[in-house]
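Engineer: All chains, please: the whole structure from these sequences, using the hints.
Each protein sequence line maps, in turn, to chains A and B. Under the numbering used here, the first sequence has 269 at position 269, and the numbering climbs by one with no breaks. Under the numbering used here, the second sequence has 542 at position 542, and the numbering climbs by one with no breaks.
Possibly wrong hints are sitting among the right ones.
[What the hints assert, rightly or not] Chain A stretches covered by chain B per the calculated footprint, using a threshold of three residues with CB under 8 Å from any CB of chain B: (1) 64–71; (2) 228–240; (3) 281–295.
By construction, these hints were calculated from the structure, which means they are not laboratory data. Even glycine gets a Cβ: it sits at the ideal position worked out from N, Cα and C.
Each chain, written out:
2 protein chains.
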Amino acid sequence: MYRSHTNGELRLSHINEEVTLSGWVQKVRDKGFMVWVDLRDRYGITQLIFDEERTPKEMMEKATSLGREFVIQVKGTVIERQSKNKNIETGNIEILVSELTVLNTSLTPPFTIEDNTDGGEDIRMKYRYLDIRRNPVKNNLMFRHKVTMEVRKYLSDGGFIEVETPYLIKSTPEGARDFVVPSRMNEGQFYALPQSPQTFKQLLMVGGMDKYFQIVKCFRDEDLRADRQPEFTQIDCEMAFIEQEDILTVFEGLTRYLLKEIKGVEVAKFPRMQYDDAMKLYGNDKPDIRFGMEFGELNELAKHKDFKIFNDAELVVGIAVPNGASYTRKEIDKLIDWVRRPQVGALGMIYVKCNEDGSFKSSVDKFYTQEDLAKWAEKTGAKVGDLICVLSGETNKVRAQLSALRMELAERLGLRDPNVFAPLWVVDFPLLELDEETGHYHAMHHPFTSPKPGQLELLDTKPGEVKANAYDLVLNGNEIGGGSIRIHDKKTQAIMLKHLGFSDEEATAQFGFLMDAFEYGAPPHGGIAFGLDRLVAILGGQETIRDFIAFPKNNSGRDVMIDAPAAIDAEQLEELGLKLDLKG
Amino acid sequence: MYRSHTNGELRLSHINEEVTLSGWVQKVRDKGFMVWVDLRDRYGITQLIFDEERTPKEMMEKATSLGREFVIQVKGTVIERQSKNKNIETGNIEILVSELTVLNTSLTPPFTIEDNTDGGEDIRMKYRYLDIRRNPVKNNLMFRHKVTMEVRKYLSDGGFIEVETPYLIKSTPEGARDFVVPSRMNEGQFYALPQSPQTFKQLLMVGGMDKYFQIVKCFRDEDLRADRQPEFTQIDCEMAFIEQEDILTVFEGLTRYLLKEIKGVEVAKFPRMQYDDAMKLYGNDKPDIRFGMEFGELNELAKHKDFKIFNDAELVVGIAVPNGASYTRKEIDKLIDWVRRPQVGALGMIYVKCNEDGSFKSSVDKFYTQEDLAKWAEKTGAKVGDLICVLSGETNKVRAQLSALRMELAERLGLRDPNVFAPLWVVDFPLLELDEETGHYHAMHHPFTSPKPGQLELLDTKPGEVKANAYDLVLNGNEIGGGSIRIHDKKTQAIMLKHLGFSDEEATAQFGFLMDAFEYGAPPHGGIAFGLDRLVAILGGQETIRDFIAFPKNNSGRDVMIDAPAAIDAEQLEELGLKLDLKG
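Structural biologist: So, in structure tokens, the structure goes:
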């Protein structure tokens, strides 16, 4: 037996007990006549004590020779500490050691195993197994476990059945981003790894399994933006015989349950916002509503004066920055530089200071009167002492720019409190989205999303205006879940695919099985999927999903610890009927 | 709202309530003046009634025109049935329908959606979504969900943390059977899909996460024996600071918990058997101990007489078939034919009838006396009225043959009762296994398994005799779990890999990260993995794992429903830096 207790377990009530402990050497303090060792495991730290009077000489020497991260086992007696440590749960006791065994030695770790480590991201990723020993990472992984257990409990108690769908499937329409898997048994043929279990969960609905969920890995072979992973985890859900309202109710319930169980936070009924309103008020389909700073559209007020930039703009829109009137000229210039960075892309920014005396001072004073500017203030909700920031240009672009500015200012103003949770349903998404490069429409959600009743006909005439039965759950400015009511009849699905540019042959080859299934009594159904990595990070009050993944990949999709991906044997390639054909 | 209740919910207590139900048309019975429709969903069947007196004519006509598997919604009143149906839970009531809506039509399904269907395996796989509507398949999937929920509950309550390990990893030593995944972002390089999360769970132990589990998909690209799947699910577990005894205790606890919670069966402490004894007594490392028929080795008794076949044999071994003395000559000949089938491969079989009068009648009477045969009976445990079946030949082969015969006879004799559960630990497995084709030894469990203390030195001299800290959990003749105490120091791991034929370079390339990790304070650790598909099937009292998988693949690794694997675009191949190079 390697241990009778963990290192987080012993209290004053254990005094005089003989115990066996195992763990890692966190620290050795050698005072000559006395040696203390901090012994660490997943559960905490226990102090070991060796002293001249009570410890044999050889054991004293052995204790002083212990290095950081050595794995040891000790037997000893629980005694009360002279000077108690209130910072750790075992701080009232220590172990007077009678037996010390080194179970394994350790090289000096490449970074300190402390809450605040001296290791940079790269070295910590390479030695991730050491990084996991640190409390912040370890606690995140345990937190993730807790969240998934609660998700499963809530859904299972609600009659949902977790069904495993296959990982070796068929390449899909978003196929270009599929990871493919050559089959040895079926030479020249490939499986694809699922970007989501979408079609399978719909088939489960056709199969009558009317409440399905699965916590499941999904895969996407795409250029990785910061904080994306080629493999990621979804809480994937689907229900049959339901309408949009049913889905919102059930999964609002799940989210409320998690906030309560995990964070102890009670949230009232989640507000709902139409996609169009979210874009108008926040320039964003996943607005952070922990704070205000809503957009005020100024076209009517700011155009048709002599200011050409605004006159030429499709949209003039501003936000009020609380207490921003006190910004110096230099601070404002920095803000203008910030919005002109290529990542944001604004050409410039107009500002209006709402002075304490009720007057306005703006960078466009020669074009606008005090009365004009007062109307801007009213429209943007600016109060005395605020600063109005105004951007202009092409609607979609300027909204994105002002949204970025709004988030940045809120961050600087401390308005994005990670302990405040502000969920929001965004509903009535457009069905289609124009790809500005190709001029083609593609599905905003996915090709299985149903249009709003009666809008199918609009597809031919005004495709961009068709609304979908699609919804996103937004939490603190992040999309944590999204879903839709699906098409469940072959005819509508065929029309939809045709509008997305699939020929009949392509539609049949890729989705024939689903459209066939729709002919055998497909029930009305819909669902939602949550991004687990993101959800866990937000619930954990953090930004980076990587910190909640045991073995994440870097921005090039590499696992730097195991050094994957890597070349494979020529023999293995040959067996798969493949040859390398590198582009150079 | 599509329904106020499910079709398994309504009772006499609901009489006179107005309800809304949705589901599939199971059956329409049209008596002219009266029409009954059985409405089905996941939860059960509810009878709908339409009659001349109370139902408008158009609705009567609509009801009679409903086809099998149409999806309908009805509103109506719960009334008491005239003739109750005791076979279904809603059998006391029926619904007098006031509103009938067809939500979707259905083509005639290619097989009947009944517990006993007329559909063969192939057609049911192609239309798996219809197969899932059938109770046997649906119930299996729900049963699987229940088992996984209980597994997670037990382990989580025991302090285990579920950690997701990556699916996109690096090709491993058993690499030939790895599925590989070309990376678009790292041209010419490949990930591999895990055959198990083995190295990652060991790294988690190095990382201090001392109780890990995961219910996880694993992948193996091999020629599929019947009832194997290229993707399968494991309950994967690992613990640190433990010895073999700890693992056996925890996972015996898990198995006992499942048998109790899921099957209501209480099982006493699981027996343990050494691998060598299992081979000797049952010819098999996963013996079915629901019944006896243990092997009796007869070398000492049967050799050195004049029977050349036995004299030339390495092993002569028999089993007693209860009440087999009554078999006719013809029945025995059939048994002999059975063991001579190529799948079994025996050259012949000697038999001894233990007659009611205490005499023996054998097929080798001219070589052996009654006293000789009496000793055979004693050795095999044969009683009056039994039949002794004796095989001979090369030890490993003859054991496998007699084991097959034992299982076949037990099946015929009804001794393999699916409602009886006989778990067994098989321990002390050999570390290495001789590959008879190549003459090389390979790891019987895997290269990370530790030899028994003090046996490392034997590797050079008697590799076949080294025992491992490895164990299997056997249930009713199936290996449901297997594991080992791992090597946790670099030196031992290097010796082990060298003995398995890895050069230093290969060892470093493939396992450098693990051996590096062992240098930074790796704790003693070990684990186990359960085959979930098999475990669920056995708990469900069935043989075929495919029946417990929502969307299984066939013996060629194909999903016949979605038609995967399939060819992919030339463009996609090019983007991956690959070219087809088919062998013809």
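Engineer: So is the region 228–240 of chain A in contact with chain B by the C-beta rule, three or more residues under 8 Å, or is the coverage claim wrong?
Structural biologist: This one holds; 3 residues, not fewer than the three required, reach chain B with a Cβ under 8 Å.
Engineer: Are there three or more residues in the region 64–71 of chain A whose C-beta lies within less than 8 Å of some C-beta in chain B?
Structural biologist: holds (count 3)
Engineer: Test coverage of the region 281–295 of chain A by chain B using CB-CB distances below 8 Å; three residues minimum.
Structural biologist: n = 0 at 8 Å, threshold three: violated.
Against the hints set out earlier in the document, a violation occurs for number 3 only.
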